[in-house]
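Colleague: Its first residue numbered 59, the first sequence is counted upward by one per residue in my numbering.
Keep in mind that the hints were calculated from the coordinates and are not lab data.
Do not take every clue at face value.
Derived EDC-like pairs: lysine to aspartate or glutamate, alpha-carbon spacing no greater than 20 Å straight-line [as the list claims (entries may be wrong)]:
id	residue 1	residue 2
1	429	487
2	310	299
3	392	86
4	398	224
5	298	224
6	397	89
7	422	399
8	440	399
9	429	499
10	310	286
11	296	345
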Amino acid sequence: MADMQDEGEMTTGNMFQRPKGVHDILPDTHEYFTFIKKVVRHRARQSGFRRISTPIFEFTDVFARAVGADTDIVSKEMYTFQDRKGRSLTLKPEGTAGTVRAYIQHNMHTLAQPVELYYIEPHFRYDRPQKGRFRQFWQYGFEVIGESDPALDAQLIYLAQTITEDLGVAGLFKLQINSIGCMNEKCRPHFMSDLKNFYFGKERSLCADCKTRVETNPLRLLDCKLEDCRILAELAPKMKDYLCEECREFHKQLLDLLKELGVEYVENSSLVRGLDYYTKTVFEFWDRALGAQNAICGGGRYDGLIELMGGAPTPAVGFAAGIERIVDNMKREKIRVPKKDDLHVFVAQLGYEAKKKCLTLMTKLREAGIKTIGALGKDSIKAQLRHADRFQVPYTIIIGITEVRDKTAIIRDMKRGSQEIVAYGKVVEEMKKMLGKERLDTYSPGEVLY
RNA sequence: GUGUCCAUAGCUUAAUGGUAAAGCUCCGCUCUGUGGCAGCGGCUAUGAGGGUUCGAUUCCCUCUGGACACCCCA
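Let the sequences and hints guide you as you build the complete structure.
Modeller: Right under this line is the structure:
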């Protein structure tokens, strides 16, 4: 497990740096995050998924048990620390373990099955950062717990596909799919023992990592990228030939249903995924350009996990997608997202009496759904108008001592450079009229996003 | 965890073993009640620590951070 202190203390001096691999999401990028969350929520609701948030940290065992002690995630990528009573806690590296823990703990098996949940949460992995990979990153994910049927897998994959389409990046990715069988004696265990036998005596030809994998995690031998290991992997027994009757039929149906749904896929027998809990279906959406960090989305079926975590035997399937990677792709493709932050009106004031009037006027404008900003800290009209220009507002309202005295206000059309004088009491009404079909930002609790 | 490259102002870049330069931005003024343009002025920097040296921003070491790849994954 990663020791959180092995990188020393933060920099001294008059400037703070960020810890390695974390980043600030600035307003321009948040436009993308907001949009993605909106799409996810929309598609989730359409299919009856309901949102869940599990804690940022859990007892370390939750992940060690669910993800698998010998996986890379658990053995070297977790943010693990002790609390004041010496209990080992870990920042969540993925979303399924916590969700399953919650399913069991809250007796969700008493709800109508399958239980369909989704999440949009930050996750943490202690890993060397690079393109599309950070130590804190956001994922949205979907889990369908409580029933087993290829149609559920198909529907879930279709949902994953639909969301990437909505986000405009579907064309960049292609679905890779495989079945890694189940724990039935005749299925994966049989395959594993034959796989071990195949590698028996061939250890010399393997890389250091793979030498240990033979014992700890033989499945991963199949997707080692090193040349020599790959040659052996080609010759090794194929899971496809070992699937039990049930798994074989399950997978066949799934592929058939995907065709029915019009989802393109590539069968990839070396796709095994780095988490131990998967059974039967595994899939990832890969960058067609075949770069590094090419998966934006991955998941699969995990029929054994709920039982492994202490619940009743319960089948389930799920996936998660990396939001930063999607944003990267959207930016690269120059995909624009709807901007909801554009301002409608700038309020400029001249003199203390006018400033007082402006304070209340701004409040009224905002209550009416007109997105309003001012520069109450600036005194010169020049500086204020320059500000108005910077914010690209269509209109500026100007109130000075003359206007206070006459109970009026000036409304300036910033594009045309023309302006007119209106009665102070009618400003809000007048502004609404001028903004016309602009979407006003009225408050409705159901629409609050965060 | 491994490898390669990198770190000068808010941003982009320049220069030097001997007082660090510019463009853009920001703020102000010209213009004391009207933005975009122009002119002028101002603020702000050698990531941190140590070493070599008369002197280090420059050379060396360590740390921290950044970029990319490997491993692995979202």
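Colleague: Would you check the hint for residue 429 and residue 487, treating anything up to 20 Å between C-alpha atoms as holding?
Modeller: holds (14 Å)
Colleague: Please verify whether residue 440 and residue 399 have alpha carbons no more than 20 Å apart.
Modeller: The hint is violated at about 24 Å.
Colleague: Is the hinted pair residue 298 and residue 224 satisfied, with a Cα-Cα distance of at most 20 Å?
Modeller: Status violated; Cα separation ~33 Å.
Colleague: Starting from residue 310, check that the Cα of residue 286 is at most 20 Å away, please.
Modeller: Distance ~32 Å between residue 310 and residue 286 Cα, so the pair is violated.
Colleague: Taking only the CA atoms, is the gap from residue 422 to residue 399 under or equal to 20 Å?
Modeller: It holds: about 18 Å lies between the C-alpha atoms, which stays within 20 Å.
Colleague: Quick one, are residue 392 and residue 86 close enough, alpha carbons at most 20 Å?
Modeller: holds (13 Å)
Colleague: Can you confirm whether the C-alpha distance between residue 397 and residue 89 stays at or below 20 Å?
Modeller: holds (7 Å)
Colleague: Compare the distance between the alpha carbons of residue 429 and residue 499 with 20 Å, and conclude whether the hinted pair is satisfied.
Modeller: holds (7 Å)
Colleague: Given the hint that residue 296 pairs with residue 345, test it: the Cα-Cα distance must not exceed 20 Å.
Modeller: violated (25 Å)
Colleague: Are the Cα positions of residue 398 and residue 224 separated by 20 Å at most?
Modeller: holds (18 Å)
Colleague: Please verify whether residue 310 and residue 299 have alpha carbons no more than 20 Å apart.
Modeller: Judged against 20 Å, a Cα distance of about 13 Å means the pair holds.
In this structure, the earlier hints numbered 5, 8, 10, 11 are contradicted, and the remaining ones agree with it.
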